[in-house]
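Number of protein chains: 2
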Amino acid sequence: MKFTRMAVLFMLMLALLPLAFAGAKAKSDGLSATRTAIESANNQFTAAFERGDGKALAGMYTADAIAFPPDHEMIRGNEAIGQFWQATHASGVKHAVLTTVAVDRSGDLAVEVGTAALTIQPEGQAQTTAAVKYVVVWQRQKDGTWKLHRDIWNSLPAKP
Amino acid sequence: MKFTRMAVLFMLMLALLPLAFAGAKAKSDGLSATRTAIESANNQFTAAFERGDGKALAGMYTADAIAFPPDHEMIRGNEAIGQFWQATHASGVKHAVLTTVAVDRSGDLAVEVGTAALTIQPEGQAQTTAAVKYVVVWQRQKDGTWKLHRDIWNSLPAKP
Numbered sequence: 001m002k003f004t005r006m007a008v009l010f011m012l013m014l015a016l017l018p019l020a021f022a023g024a025k026a027k028s029d030g031l032s033a034t035r036t037a038i039e040s041a042n043n044q045f046t047a048a049f050e051r052g053d054g055k056a057l058a059g060m061y062t063a064d065a066i067a068f069p070p071d072h073e074m075i076r077g078n079e080a081i082g083q084f085w086q087a088t089h090a091s092g093v094k095h096a097v098l099t100t101v102a103v104d105r106s107g108d109l110a111v112e113v114g115t116a117a118l119t120i121q122p123e124g125q126a127q128t129t130a131a132v133k134y135v136v137v138w139q140r141q142k143d144g145t146w147k148l149h150r151d152i153w154n155s156l157p158a159k160p
Numbered sequence: 001m002k003f004t005r006m007a008v009l010f011m012l013m014l015a016l017l018p019l020a021f022a023g024a025k026a027k028s029d030g031l032s033a034t035r036t037a038i039e040s041a042n043n044q045f046t047a048a049f050e051r052g053d054g055k056a057l058a059g060m061y062t063a064d065a066i067a068f069p070p071d072h073e074m075i076r077g078n079e080a081i082g083q084f085w086q087a088t089h090a091s092g093v094k095h096a097v098l099t100t101v102a103v104d105r106s107g108d109l110a111v112e113v114g115t116a117a118l119t120i121q122p123e124g125q126a127q128t129t130a131a132v133k134y135v136v137v138w139q140r141q142k143d144g145t146w147k148l149h150r151d152i153w154n155s156l157p158a159k160p
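Chains A and B, in that order, give the protein sequences.
Using the numbering used here, you'd call the opening residue of the first sequence number 1 and step up by one each time.
Using the numbering used here, you'd call the opening residue of the second sequence number 1 and step up by one each time.
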């Protein structure tokens with residue numbers, strides 16, 4: 001009886017061992033997969049931004065997302081954020097190139113650090129560029145997709 | 001033999017059950033405790049800032065932290081960030097009041113949204129104030145303490 005119990009426990013431990021390794025592997029695989037998912041979402045984001053598609057952009061944020069435009073109050077909720085981007089596009093920010101610099105992840109939260117190069121051309125004016133750095137906190141949804149939950153940026157210094 | 005194995009497995013499941021409930025409880029307790037820990041760390045931060053104590057501030061960031069001051073390149077590493085704050089204090093930013101607005105957490109990452117009211121008085125000049133909003137990503141350390149890992153802010157609009 002004593003031997004049997006020990007044997008069962010031992011077999012159980014053996015059976016669980018691969019799970020522990022699988023967990024460690026999932027962790028590193030997860031980070032690389034998360035980064036790929038975020039970069040792919042960023043491509044969707046810039047495409048929607050170039051179309052001035054506020055509705056599509058709103059759909060990429062969580063319902064209780066907050067955006068933090070410089071010199072502006074916090075914008076709360078995905079609908080309001082979509083409208084903000086649509087207005088930003090209409091004001092002359094035509095094009096954005098996002099570059100992901102770093103991604104951290106723990107469970108359902110991922111934190112992206114990046115830079116964005118903006119092409120700005122208000123109607124009838126010369127084209128200019130601007131560069132910003134940003135932190136986006138992404139939240140994993142029940143269906144496994146990632147949505148923007150916190151979105152904050154500010155200017156990089158102008159290039160000489 | 002069959003009965004014994006079943007009995008051992010059943011006892012093992014019974015033994016693990018409280019762990020599952022403890023996990024669920026820790027999750028909700030965790031958010032409120034995390035917010036308290038962050039607010040307490042913020043008090044430490046503002047006290048160190050008022051002393052112009054760059055070394056103490058550096059110790060509050062992770063080794064691979066990044067700070068994102070407006071109109072500035074990213075500042076990488078806790079030593080450089082501590083020096084930045086010391087220089088900011090020396091330039092006349094005397095005092096900061098931090099207000100935590102929201103905290104999200106998943107595992108070892110917590111995301112704080114907040115606002116800061118700054119009192120600025122460069123030598124020989126009149127005192128002014130400024131208000132910023134920020135997102136700080138906190139990373140839990142092995143000893144259970146939380147350190148600033150990403151720290152980004154920008155201006156709120158000037159009050160009329």
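Just so you know, not all the hints are guaranteed correct.
The calculated label-pair distances, taken between Cβ atoms and stated as ranges, are [said to hold, decoys possible]: (1) B/G59 to A/T100: 20 to 30 Å; (2) B/T36 to A/A63: 41 to 51 Å; (3) B/P122 to A/G107: 20 to 30 Å; (4) B/G52 to A/E50: 44 to 54 Å; (5) B/V101 to A/Q83: 13 to 23 Å; (6) B/R76 to A/Q141: 29 to 39 Å; (7) A/A158 to B/R76: 39 to 49 Å; (8) B/T4 to A/N43: 34 to 44 Å; (9) B/A130 to A/A158: 17 to 27 Å; (10) A/R35 to B/Q141: 37 to 47 Å; (11) B/G77 to A/S155: 35 to 45 Å; (12) B/L31 to A/R35: 39 to 49 Å; (13) A/Q127 to B/R76: 27 to 37 Å; (14) A/Q141 to B/A130: 17 to 27 Å.
If you are wondering where the hints come from, they were derived from the structure by calculation, not from laboratory data.
Note that beta-carbon positions come from the ideal geometry of N, C-alpha and C, so glycine has one too.
Do the beta carbons of B/T36 and A/A63 sit within 41 to 51 Å of each other? 26 Å, violated
C-beta pair B/R76, A/Q141: status relative to the range 29 to 39 Å that was hinted: 31 Å, holds
That 20 to 30 Å hint for B/G59 and A/T100 (C-beta), does it hold up? 29 Å, holds
Hint check for B/Q141 and A/R35 - Cβ pair distance inside 37 to 47 Å: Cβ of A/R35 to Cβ of B/Q141: about 24 Å, so the range 37 to 47 Å is violated.
Given the hint of 34 to 44 Å, check if B/T4 and A/N43 actually sit that far apart at their C-beta atoms. 58 Å Cβ-Cβ, so the 34 to 44 Å window is violated.
CB-CB spacing for B/R76 and A/Q127 relative to the 27 to 37 Å hint: Holds, since A/Q127 and B/R76 (Cβ atoms, about 32 Å apart) stay within the stated range.
Lying within 17 to 27 Å: is that true of the beta-carbon distance B/A130 to A/A158? Holds: the Cβ-Cβ distance is about 21 Å, inside 17 to 27 Å.
The hint says 44 to 54 Å between B/G52 and A/E50; measuring C-beta to C-beta, is that right? Holds, since B/G52 and A/E50 (Cβ atoms, about 46 Å apart) stay within the stated range.
Is 39 to 49 Å right for how far apart the beta carbons of B/L31 and A/R35 are? Given about 26 Å between the Cβ atoms, the range is violated.
Do the Cβ positions of A/A158 and B/R76 conform to the proposed distance bound of 39 to 49 Å? Once the Cβ atoms are compared, 21 Å apart, the range 39 to 49 Å for B/R76 and A/A158 is violated.
Cβ distance range 17 to 27 Å for A/Q141 and B/A130, holds or violated: Cβ of A/Q141 to Cβ of B/A130: about 37 Å, so the range 17 to 27 Å is violated.
With respect to the beta-carbon atoms only, verify the hint that B/V101 and A/Q83 lie 13 to 23 Å apart. Roughly 22 Å apart at Cβ, these two residues keep to the hinted range, so it holds.
This entry does not satisfy hints 2, 3, 7, 8, 10, 11, 12, 14, going by the numbered hints stated previously.
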